[in-house]
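**Q** Going line by line, the protein sequences match chains A and B.
When we follow my numbering, the leftmost residue of the first sequence carries the number 1, and every step to the right adds one.
When we follow my numbering, the leftmost residue of the second sequence carries the number 1, and every step to the right adds one.
No lab work stands behind these hints, which were simulated from the structure alone.
You may find that some hints are simply not true.
What the hints assert, rightly or not - Here are some chain B residues the structure puts well away from chain A; computed CB gaps all over 12 Å:
no.: 1; residue: 15
no.: 2; residue: 22
no.: 3; residue: 54
no.: 4; residue: 58
no.: 5; residue: 82
no.: 6; residue: 110
no.: 7; residue: 134
no.: 8; residue: 164
no.: 9; residue: 180
no.: 10; residue: 192
no.: 11; residue: 198
no.: 12; residue: 200
no.: 13; residue: 208
To be verified - Only some residues are given here: those of chain B computed to face chain A with a beta carbon under 8 Å:
no.: 14; residue: 39
no.: 15; residue: 123
no.: 16; residue: 144
no.: 17; residue: 165
no.: 18; residue: 189
Quick caveat, the model's predicted, so the values are computed rather than measured.
C-beta atoms are modelled at their ideal positions from N, C-alpha and C, and glycine is treated no differently.
There are 2 protein chains.
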Amino acid sequence: MVTISVVKQVLDANDRIAQENRRLFDEKGIYVINLMSSPGAGKTSLVERTIEELRQRYKLAVIEGDIQDTYDAERVAALGIPVVQINTGGGCHIDANMVREAMADLPLDGVDLLIVENVGNLVCPAEFKVGENDKIMILSTPEGADKPSKYPLMFHESSVLLINKMDLMTHVSFDLTKARADALKCNPALAIFEVSCKTGNGLDGWFAWITEHIERFKTRTA
Amino acid sequence: MVTISVVKQVLDANDRIAQENRRLFDEKGIYVINLMSSPGAGKTSLVERTIEELRQRYKLAVIEGDIQDTYDAERVAALGIPVVQINTGGGCHIDANMVREAMADLPLDGVDLLIVENVGNLVCPAEFKVGENDKIMILSTPEGADKPSKYPLMFHESSVLLINKMDLMTHVSFDLTKARADALKCNPALAIFEVSCKTGNGLDGWFAWITEHIERFKTRTA
């Protein structure tokens, strides 16, 4: 019982900081997404593709979350986009306080879209708000179609599901119909896009979604 | 600071229960493995393959860990092997207490090998002992070769690394040399097997390893 109440306190404290982050993002007019998936599902590849597509139109910034190392941040920095690496030092998710600290090191003025790439984990990140407008998740076809049934919270919490590695469909046994149906059972409002970050196929739908949401947010905060 | 000390207490309490589990397993002569990986890397497929190979020679039992649902336990039950499903109800790993409770529902007398299949998560399960002799992990080729650098604890804690989905090697960009080298940096004693649970290729090495360890354990506890 003690453990449960401590966890509850931790989540309450996190939510308060997330709200403070959100207020600051609102003041600055920054639309924020919290990007989550299993390890290796393609988060950084999606970040790269999204930067390439949107960089002419919008000012972007990225927070990279990893247990250790700076590989993903280096991939983003190579594109010339401001990026801060959070190393959780063993921690299995990014929390609101980590994002608050990272914000201090990012040039946020004029930024339209901040992408927070979470630690690769299909469980814990879904419980911790960081001040995002929307949670975006990736499920890759090699992981299997049973994942919405097995890890429902992340599907429930996300606004968008990108089914990635569609280029591998002929080589893996992934039941797309079941995956879509079970994901929608977790969250009937989920926007689902079938994509390949490797070939670029299917990403137009995602680019349209994110652009529409940045624009809608601009109108609201203007 | 409070949070850190609570986590430490939780881990200490867990280790005590894990030691009690271990004592019981020793008394009964049961060799126990704790099987871990990212979601969809092939844990249940490896369990199925291992059951098929060892069932003539050994008495087996399985504990299946999932956040919710019973799909994996049903796959094992279909093979006629005693299995208990643990549903963590949102929890991101199996702990020693869950295994202790599951043991009460398993016919453990005469069992040679107990397989504990953990929740799909490359982070948290590595921190929680359940009373196992060895931790076994799977990394699948679509996840990418950067995983040992990014999630070092699990590679450090495991005795065996199975690199699964080798059948997809020609379709994914997986740097096998880098993955092996970085995994061995985390843990120079790691036994590594390149396998495909889909085709069965490469599993002979794993079967030899597990058989040798069951036999060695029998000699020690006899």
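**Q** Where does the structure disagree with the numbered hints, that is, which hint numbers, in rising order?
**A** 8, 11 and 18
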